[in-house]
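Chains Z, C and A, in that order, give the protein sequences. Counting from 1, one number per residue, gives the positions in the first sequence under the working numbering. Counting from 1001, one number per residue, gives the positions in the second sequence under the working numbering. Counting from 2001, one number per residue, gives the positions in the third sequence under the working numbering.
Simulated from the structure, these hints should not be mistaken for lab results. Any given hint could turn out to be false.
Short derived list, chain A residues pointing at chain Z, Cβ under 10 Å [unchecked claim]:
no., residue
1, 2008
2, 2184
3, 2185
4, 2190
5, 2191
6, 2211
7, 2214
8, 2247
9, 2325
10, 2326
11, 2329
Quick list of in silico lysine-lysine cross-link-like pairs, DSS-like style, CA-CA up to 27 Å [what the hints assert, rightly or not]:
no., chain 1, residue 1, chain 2, residue 2
12, A, 2266, Z, 166
13, C, 1025, Z, 184
14, C, 1105, C, 1025
15, Z, 240, Z, 40
16, A, 2266, A, 2240
17, A, 2266, Z, 162
18, Z, 46, Z, 184
19, A, 2321, Z, 166
20, A, 2266, A, 2185
21, Z, 240, A, 2181
22, A, 2011, Z, 162
23, A, 2134, A, 2017
24, Z, 240, Z, 22
25, A, 2321, A, 2266
26, A, 2240, Z, 240
27, C, 1086, C, 1105
28, A, 2185, Z, 240
29, Z, 240, C, 1025
30, Z, 162, A, 2181
31, Z, 289, Z, 170
Computed from a predicted model, the values in this text were never measured in an experiment. Each residue gets a CB set at the ideal place from its N, CA and C atoms; glycine is no exception.
Residue strings, one per chain:
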Amino acid sequence: MAKRVVIVGGGAAGMQTALELKSRGIEPIIIERDMDLGGKVRDWHKLFPSFTPASDVLQPIIDKVRSSRIRCLLGQEVKTFAEDGVILRSEEHVPADAVVIATGFSLFDAHRKQEYGYGLYHNVITSVDLERMMNNGRVMLADGTEPRRIAILHCVGSRDEKVCQKHCSKVCCITGVKQAIELKQMFPTADVFNFYMDIRMFGPGYEELYREAQQRYNIHFVRGRISEAAQTINDRIQIKAEDTLTGRPLRMSVDMLVLLVGMSANRDNEALAAASNLSLAPNGYFQTKDSFLGAVQSERPGIFYAGAATAPKSLADTLAEASMTASAVERYLRDKYNNR
Amino acid sequence: MRNLNFGYGISRPRVINLDNNDLRKSNAIIAEMPELQACIGCGSCTASCTAGNLTDFNFRRLHTAVRRGEYQGAYEEINKCMLCGKCRLVCPRGINTRELIMLIKRKLGDF
Amino acid sequence: MRRTSWQEYQKDIADDKYYYARSCIRQNFFPGSEKAFLDIMHNDLGIDIFDDPLHTSCTGIGYHSDIVPLETIMTVVARQFSLMADAGYEHFISSCITSFGIYNEILSTWEEFPETEERTRRYLKEATGRELVKPRSIAHTSDIMFHHRHAIARKAKRQLRNAFTGEPLRVVEHIGCHYAKIFPKSGIGGSEFPYVLAGMIEAWGGEVVDYPERRHCCGFGFRNYLVQANRGYSIANSHKKLESMAPYRPDFIVANCPGCAMFLDKWQYAIAEMEGTVYGADGHGIPVLTYEEMAGLVLGYDPWELGMQMHQVDVEPLLDKMGIEYDREAKYLGKNGKYIGKPDIAAVNCEEARSIYEIKR
């Protein structure tokens, strides 16, 4: 009889791991909190650095999960992980031969950076709001007009000890470059300013896209973090930063301020880890067994990780890691049952 | 208004105010040489600068300020450049810095 | 503006039985304000508040100007607390934002570094023979006024409204850096969207003006003002705020901090004399009130009883707008009807029309 693996989380990581396990003759069960599969990528419009529509990547995976008749428990939350299965919030025990934690991340709540006035001022939006606007077909200001000057702020809720987010969220820099280009394509006469502390272009094609944003799209990159935003009398947003490359403070009004919100550790991690005897890294993500040879293993045999449950990851990283996780699970099951 | 001597005045802000700065010259410079926007602020130009090692001439800071519409004193500063061309050799983004010097002078004049 | 975040920053404020610590600047520049606070608490609200003649300056200005050492100010503060305990009170309220910052900072330092508390205990004992007793709660007097704002509203004789149009008055509020920038949790509403003054304004019928430089410092900065050579950037900060608020045409400014009230008021005079710029909609200055004066007007106190003749910028246009009756002739008569002197004519005041001034609208 096929060995059974419970995968907690029905986003990109969980679904791809399920498909990889299935192709290895192992029976996956996906448990998802939401009523739909897909996770956070569902809200995304286009993916960096290629501008591939997010649905072009996500939909085939969802379709394949469905056509492979992988069992999915939707609208179910997990309380405890163990090597012999998981316990749901309903106290129901779902038995398994191994467990994969693919619970992903939480978006940083931009309200917590009060100085940017998110939720208070019109036209201060997050990068996720912008993707949703693009998905809905139109980006505009609160009054329905087009923005003429836009600022994009990097590192909102990343590298910021004031809000207990010491880590770099990795994907926001390239998202900022991508969104700046998209805004410039929509509003060619608008001025777009990206405010950054460092630009971290770690992936293939990223640096090239950054250069294109600068040279071809004439996007202004200002090295300095916006310290506060305030609404002006005509409903614009006044921002302050240091232009560190000239060593002088800089002030300007913009029509729209986009906050590139970071990836925070999942809000439930603490409770889940405590209940399951797993440990968390200092940034609140799940702690892997080893950075090199145990990157998808937990400290407990039979419990594995996939995707952004252990650190901020891009979609490409996440999909690649799903194969690693499936291989590790397969190896574990083989060793466990051959030795018996 | 009386002529009172307060012994001090109202300090002028050092802030670069992009709402008030006239960016037309800056836009014209960027339009003619879009590669200037590709600067990543590495400072190689300033590090290798013949003039910058003897005076406070800082080409990286200067062209950044010009891009923000801060033209005051730029012409005078830029005259410190000896046009040796070393900065162009070291620029990792391949910006034609020597040409840029001439371009800024041409566009701004003695601002 | 959808303002809700202030609700996240609430603190426990005692309802009654306060030990009152005065402010050096307020006593000198707005002496009527502290009297008004005591009268409002005691006479209007029937609250037990103790004004102790034995307490001293907290020495905060000296401390922030590098004249008073840390050990000294800690011992002075310890003595104030000990006086409070002697008088049988445990809720310490400070009339000054600088002092409020000092008290919070010192209590927190004692918490974090217990050896400093021990040292202070020893110094206090050696110097005065007293024992240190820490207060149960610390609040600024504006916190207290905020706490009782609805009770004041119920007794109000008039609202913060234009008596002729019924429109709410447009009020700029300024809470002062040391109220919530040192410990955002110690201020109502925190430091980004402070609600302590805004709550009073709204409860008494006015409208709060949110302008871009609302959070900016007034520029006092202690040694930045005290040293004449540095005053240029002290005044530049008030200048920046006034430039930013002027387009909103505020009817008046209300300040939390004695220093801020003084500088926002008096710098308007200096700016007008230096540059010929005035910021009030009527071609004069924008009146600057303390929150005690604001509460006093709402409760029907006489403006000269409140000490409003001590302002640099004349308050008459505001009083007229609110429909307040007052005796113009009595403005410069002191407590016993004695003439206290009169300032020279200035641009920010309303003695005569001055078309030579540029009027910011």
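May I ask which of the numbered hints given earlier this structure violates, with the numbers listed in increasing order? 3, 9, 10, 11, 12, 15, 17, 19, 20 and 24
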